[in-house]
Amino acid sequence: MFRKAFPYTIPVLLGYLAIGIAFGLLLKNAGYPWYLAPIMSILVYAGALQYLAVGLLAANVSIAEAAILALVVNARHMVYGLSLLEKYKGAGLRKPYLVFALTDETYALVTSTEPPAGLDRIGFYAAVSLLDQCYWVAGSAIGAIAGSFLPFDMKGLDFALTALFVVLLVEQLKSCRSWVPFALAAACSLGAWFIAGPRNMLLASVVSTVVLLVVFRKEIVRNAA
Amino acid sequence: MPLEKAFIAIAAMAAVTVFTRAFPFIFFRNRKPPEALDFVRDYIPPAVMMILVLSSFKDIKWASSPFGIPELACAGLVAILHLWKRNAMISIVGGTAVYMILTRSGIL
Numbered sequence: 577m578f579r580k581a582f583p584y585t586i587p588v589l590l591g592y593l594a595i596g597i598a599f600g601l602l603l604k605n606a607g608y609p610w611y612l613a614p615i616m617s618i619l620v621y622a623g624a625l626q627y628l629a630v631g632l633l634a635a636n637v638s639i640a641e642a643a644i645l646a647l648v649v650n651a652r653h654m655v656y657g658l659s660l661l662e663k664y665k666g667a668g669l670r671k672p673y674l675v676f677a678l679t680d681e682t683y684a685l686v687t688s689t690e691p692p693a694g695l696d697r698i699g700f701y702a703a704v705s706l707l708d709q710c711y712w713v714a715g716s717a718i719g720a721i722a723g724s725f726l727p728f729d730m731k732g733l734d735f736a737l738t739a740l741f742v743v744l745l746v747e748q749l750k751s752c753r754s755w756v757p758f759a760l761a762a763a764c765s766l767g768a769w770f771i772a773g774p775r776n777m778l779l780a781s782v783v784s785t786v787v788l789l790v791v792f793r794k795e796i797v798r799n800a801a
Numbered sequence: 013m014p015l016e017k018a019f020i021a022i023a024a025m026a027a028v029t030v031f032t033r034a035f036p037f038i039f040f041r042n043r044k045p046p047e048a049l050d051f052v053r054d055y056i057p058p059a060v061m062m063i064l065v066l067s068s069f070k071d072i073k074w075a076s077s078p079f080g081i082p083e084l085a086c087a088g089l090v091a092i093l094h095l096w097k098r099n100a101m102i103s104i105v106g107g108t109a110v111y112m113i114l115t116r117s118g119i120l
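Protein chains in written order, with this note's numbering: chain A, 577 to 801; chain B, 13 to 120.
None of these hints come from the bench; they were simulated from the model. We put the CB at the ideal spot given by N, CA and C, even for glycine. Possibly wrong hints are sitting among the right ones.
In silico negatives: residues of chain A with every beta carbon more than 12 Å from chain B [to be verified]:
1. Asp696
2. Gly699
3. Cys710
4. Ile721
5. Ala722
6. Phe725
7. Leu726
Only pairs whose alpha carbons sit at most 20 Å apart, straight line, appear in this in silico EDC-like list of lysine to aspartate or glutamate [said to hold, decoys possible]:
8. Lys731/A to Asp71/B
9. Lys671/A to Glu641/A
10. Lys44/B to Glu662/A
11. Lys580/A to Asp696/A
12. Lys17/B to Asp696/A
13. Lys750/A to Glu690/A
14. Lys794/A to Asp54/B
15. Lys70/B to Glu83/B
Turn these sequences into a full structure, and let the hints steer you where they fit.
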């Protein structure tokens, strides 16, 4: 199963290693023991939040402040699951892990790929999810242990994640019957960047897009028909 | 913060993250989502993909050289490669390789 799932996860492997190593290095340089980076990647497993957390730990913020920021940064995930309710139905014991491991990248892969014929769907998605987290944990451990001695420069490798999102966007553009969700999302992203600023852009664009999708649902259905 | 407190903060952030991811699965375990959300569900993946692409450009410094040209050009290259070959590996590895060459070579 893992061998079949592996090729689908290679873009995430490249991207997660690159940004995982950078995260491990950052946390180590903030004065924490190396093992804190992989522990955090196992328990928290949320890229944007973990980058933010390095600053929070260094600034010695309160636990409450850390929790509230985690809620704000990850609030978009409260919407993601809506499109997986059906797909993950009947996943049984693997469901808690599938849900726990729903990062942006894993969500993008799971919603846009169908397992190869003959494979157990849930098993395939579980393998993709677990492989992705292994890359992230490995990257952060490598970064924290050896980040400053690595003989090669990872600069630019994180573009693999942008490229993955572009590929999945092209697939969605080809299969979605309406152009409206794309236009709405693009307008909301630009608006969010201008108004909420780069740091809050992701949350602001997801919230505003979902609200507008609900408001204009009748027009969108008519447009798609 | 001291290491002990860091562990507590990490546990708190882990708990909140799990809560956000589990929320729809717990909330709609025994009932059907309302019709409005039912609709949104189908359009979240396309919208989120657009948002993820655009937000990966959020930290680009548009006002100074190289003005985001490597990012935009390589994202365009990935899209063209993908429309042409429809092979995710070729599109992603090709686009990333060109990006690394462009940003390191000092051409732009």
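> Hint by hint, which ones does the structure fall short of?
Replying inline: 9, 12
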